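Each chain, written out:
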Amino acid sequence: SQKIEQNSEALNIQEGKTATLTCNYTNYSPAYLQWYRQDPGRGPVFLLLIRENEKEKRKERLKVTFDTTLKQSLFHITASQPADSATYLCALNSNSGYALNFGKGTSLLVTP
Amino acid sequence: DTAVSQTPKYLVTQMGNDKSIKCEQNLGHDTMYWYKQDSKKFLKIMFSYNNKELIINETVPNRFSPKSPDKAHLNLHINSLELGDSAVYFCASSQAGSGTGELFFGEGSRLTVL
Chain R
1 SQKIEQNSEA LNIQEGKTAT LTCNYTNYSP AYLQWYRQDP GRGPVFLLLI
51 RENEKEKRKE RLKVTFDTTL KQSLFHITAS QPADSATYLC ALNSNSGYAL
101 NFGKGTSLLV TP
Chain L
1 DTAVSQTPKY LVTQMGNDKS IKCEQNLGHD TMYWYKQDSK KFLKIMFSYN
51 NKELIINETV PNRFSPKSPD KAHLNLHINS LELGDSAVYF CASSQAGSGT
101 GELFFGEGSR LTVL
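These protein sequence lines map, in sequence, to chains R and L. Under this note's numbering, the first residue of the first sequence is numbered 1, with each subsequent residue one higher. Under this note's numbering, the first residue of the second sequence is numbered 1, with each subsequent residue one higher.
Derived from the structure by calculation, the hints contain no laboratory data. Treat the numbers as computed from the prediction; the structure is a model and nothing was measured. A portion of the hints provided could be inaccurate.
[As the list claims (entries may be wrong)] For lysine-lysine, the following DSS-like pairs were computed, each having C-alpha atoms within a straight-line distance of at most 25 angstroms:
1) L:LYS40 with L:LYS22
2) R:LYS3 with L:LYS67
3) R:LYS104 with L:LYS52
4) R:LYS104 with L:LYS41
5) L:LYS67 with L:LYS52
6) R:LYS63 with R:LYS17
7) R:LYS3 with L:LYS36
8) R:LYS55 with R:LYS104
9) R:LYS63 with R:LYS104
10) L:LYS67 with L:LYS9
11) L:LYS9 with L:LYS19
12) R:LYS59 with R:LYS104
13) L:LYS71 with L:LYS41
14) L:LYS71 with L:LYS22
15) R:LYS104 with L:LYS9
16) R:LYS104 with R:LYS71
17) L:LYS41 with R:LYS3
18) L:LYS36 with L:LYS52
19) L:LYS22 with L:LYS67
20) R:LYS104 with L:LYS71
21) L:LYS22 with L:LYS41
22) L:LYS44 with L:LYS19
23) L:LYS52 with L:LYS9
24) L:LYS40 with R:LYS3
25) L:LYS22 with L:LYS52
26) L:LYS41 with R:LYS71
27) L:LYS44 with R:LYS71
28) L:LYS52 with L:LYS19
29) L:LYS36 with R:LYS104
30) R:LYS104 with R:LYS17
31) L:LYS44 with L:LYS22
32) R:LYS57 with R:LYS104
33) L:LYS40 with L:LYS71
Please take these sequences and the hints and turn them into a complete structure.
This is the structure we're talking about:
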């Protein structure tokens, strides 16, 4: 069956450090992988999309890598800030292409 | 203006009742979705509509009936509510198939079935 796995344990880091979140998947052949941020009581908000032929994508302090051989994406937040505290969701298009399936998310807490 | 808006934000009801959640998007997108987020925060696709046509129904009980009167609206009607239906329901939209473009989510509708 198709699976998207993210670190189930919350990630606690100190302000200014780099946070690295992992997304592993099985039984997908994704053309794209997306990352979203979700704050408590809010809907997910899109952050980045990376295509299968792109190894790395950057946006301000965010960096995403996509390794289709390892079936893994890494999501980095550099110079993290307390405002980065949220749950981060990895998402892949289903093999039919019509739906976006999400991992369970990793909760990030950045402390001052 | 809110891009994807859903109402109501909170809904508390008794088992066996019927309820509806409404969703509207003003982004001009062709595709709309309903997702369910359970108590473990797992976000799961329920339905997807493209230009008012149902394209995905992910083994959702037929007590759940989506209706899309036009491509800017996708409503969700739930019959005979059960305790297990308690969750947050998110509406979303995208311009193309969801793999190729970002999803825009509403703020969610928290349904509590007593």
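For this session: Against the earlier hints, flag every one the structure doesn't satisfy and list their numbers going up.
Result: 2, 3, 13, 20 and 33
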